[in-house]
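Undergrad: Protein chains in written order, with the working numbering: chain A, 101 to 415; chain B, 2 to 431.
Check the hints yourself; a few may be wrong.
Restricting the straight-line Cα-Cα distance to at most 20 Å, the calculated cross-link-like pairs of lysine-lysine (PhoX-like) are [to be verified]:
no., chain 1, residue 1, chain 2, residue 2
1, B, K390, B, K421
2, B, K421, A, K115
3, A, K115, B, K410
These aren't lab readings, by the way, just hints derived from the structure by calculation.
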Amino acid sequence: MPELLIEPSPHIRAKASTQKIMLNVLIALFPSVAAGTYIFGLRALVIVVLCATFCVIFEALFNVITKRPQTVSDLSAVVTGVLLGMNLPPSLPIYMAAIGCFAAIVVVKQFFGGIGQNFANPAITARIILMLSFGKYMTSWTVPFPYGKSAADAISSATPLASPEVMPSYLDMFLGNRAGCIGEVCIAALLLGGIYLIIRGIIEPLTPVCFIGTVALCAFIGGHDVPMQLMSGGLILGAFFMATDYATTPITRAGKVIFAIGCGLITSMIRFFGIYPEGVSFSILIMNILVPLIDRYVRPTPLGTKKKSSKEAAK
Amino acid sequence: MRLNSIKLPHFNRAAESRSTELRLPPKVIISMSQHGGVPCKPVVQVGDDVKTGQLIGDSDAVMSAPIYSSVTGKVTGKTEIINIFGKIHEALIIETVPNQVMSEDIAPPVINSREDLIAAVKKSGLVGLGGAGFPTHIKLSYDLKINEVDTLIVNGAECEPYITSDYRTFIEDGDRVIEGMLLIMKHLNIPKAVIGIESDKPEAVMNMTKLAERYDNITVSALPPRYPQGAEKVLVYNITGRTIGKGQFPVSVGCLVLNCSTIAFIGEYARTGIPLIKRRITVDGSIVNKPRNIIVPIGTRASDVVAAADVRVLPDRAYMGGPMMGQTFYDPDTPIMKYTNALLLFAETKENVQTACIRCGRCVSACSMGLVPTDIEHAFDKKDIEWLKQLHVELCMNCGACSYVCPAKRNISEKNQLAKLFLRENKQKK
């Protein structure tokens, strides 16, 4: 008999892999991208596909230039690209989208060490950078179903959060018949993808439930239209797909709850008291920065290391 | 509060195969260190004839277990064998003869007191048969003044995939398990006992419930089939709700935990006096056509087991023990030890693409000890002693759950072991 191979235990591994997790996220995002394309036209799809492509190219180039092992096959750059694309208005000039991709992949992700090492969510941070750099373009919204309309007619400056007077019905909000970012308008598609991720065990329902629940509670206390608050802006997109990002959120369940409630509170404060109509992106970025602190103080108690209460010690 | 655990596939294809004896191997290799503690010294010379059950290795140390010849034959040489603790020790090579005879020294022990029981168990050469190889008499000789043990826990969780040797013990030797338990309970004055079996083995649960029916103080606890259910601390917590502190043993919280096959051996030994010279192992793995449980002489070479097994191709990887905690070995002539409960054979190459940690937190939700394995990896890579201490890495029992669930396919549990070693070495330096 020939000599045998040596390896450390365990010798079996679960099927989940980084690549499969990312693939599942892409599958979960598909309904929203499809809905965005249907609602805003082919331009929306072009933005999303180009963002994904730019992100992969930037990551590949960065790895080549810095002589690091190639990591694009883990699909995380594709996920970042698709998420960023979904967070952009359909009419955004392509070069701006490319700048966003550069910011997301090179500055936010690779400069900090690549996958798993970045402290801020690349897509969210890139969206904020674009918003602060190209405010006008980032708030030029395409009206839903712009087919056959002239360019001028197809642009609306109003989203429901910014101008309550153009408030669509709850059903329109749910199905996505309104102005907004490509991937945030169709609540039905987002929920479908979110539920898929929960069923596949990629994310836990804890984060979206706490995030959305906190916003609902704040809206209710503040006397706002609760269903409208939940369905508008990027709340559902952010809660299911951005606030659940592994690298930039706490590692323990208790930490995730704190993170999600913090996101909900900051979102509500910006929406109800801030100068911006929407606060989901900022809230997630702010909480991203607090993650190391949360992870430092919120950690599991190892078995048998809890200090005994005086009663037990007396025994 | 429930301890973290993971769900594993079971692959228990050998469960329904009644154990058979392996045909006599041409030779056996018997290591002088088949237990935690002090290795034995050979008491026979090269060239000596030995009989089955004859003492061939012994030690004066308390923390040791004598070693007996598992076959009749001639000691033809010495070699060196690596044990589960990573230490290399002397081993005797015994070539068998066709006419197998039992040693005349074998006689059933007389057990009338705690001291008799402990002495008999030490003489039998018994070590933990579940895989840890801890000398059983040490476990039994806990200090009565310090520890008030009120519960004997029979560990039959057998939570690793493939292995069914403990399951077969419950089915085939259930009576011996009860006899061994009664003996221990009587002489160590332990009022009650619980047999812990995972609920996905209903036949074992049923058989033991039936056998325990006559005894009010013995109950069978059907445990959820989660990994690592059979880890001492986890088992004690899940059965009694008691938390074993860091650095403490089950007896510190009033529990004596023994593996079911270990207890069945005590029951058998009390009847026959035949020392630990053979054991039941599961032979399974992807290249094994007919998985089964076989009873092999201690010291049987893996290659002899493979030769007797129905395999499709020759293995390129083999584990002694389960796929979660079992160990690989390079020499196909590596012998079955007292603590080996399975020999698993595989031939496929595995493709595990390792990526950077993506901080998914799966390892944290998998760790039954409540550790943060991903932080331990960082702390170890930085050689940060203070951080490692804060992370309580010493609690890691190398169950492998963190590595199992890791989507980045990192060898986290291996890092934990290196970190533990690093802390120990650092302590010694000071």
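Undergrad: Straight-line Cα separation of B/K421 and A/K115 no greater than 20 Å?
TA: violated, 28 Å
Undergrad: Verify the proposed pairing of B/K390 with B/K421, using a straight-line Cα cut of 20 Å.
TA: holds, 10 Å
Undergrad: Is A/K115 close enough to B/K410, meaning Cα to Cα at most 20 Å?
TA: holds, 10 Å
Hint check: a violation occurs at hint 2 only; the rest are consistent with the structure.
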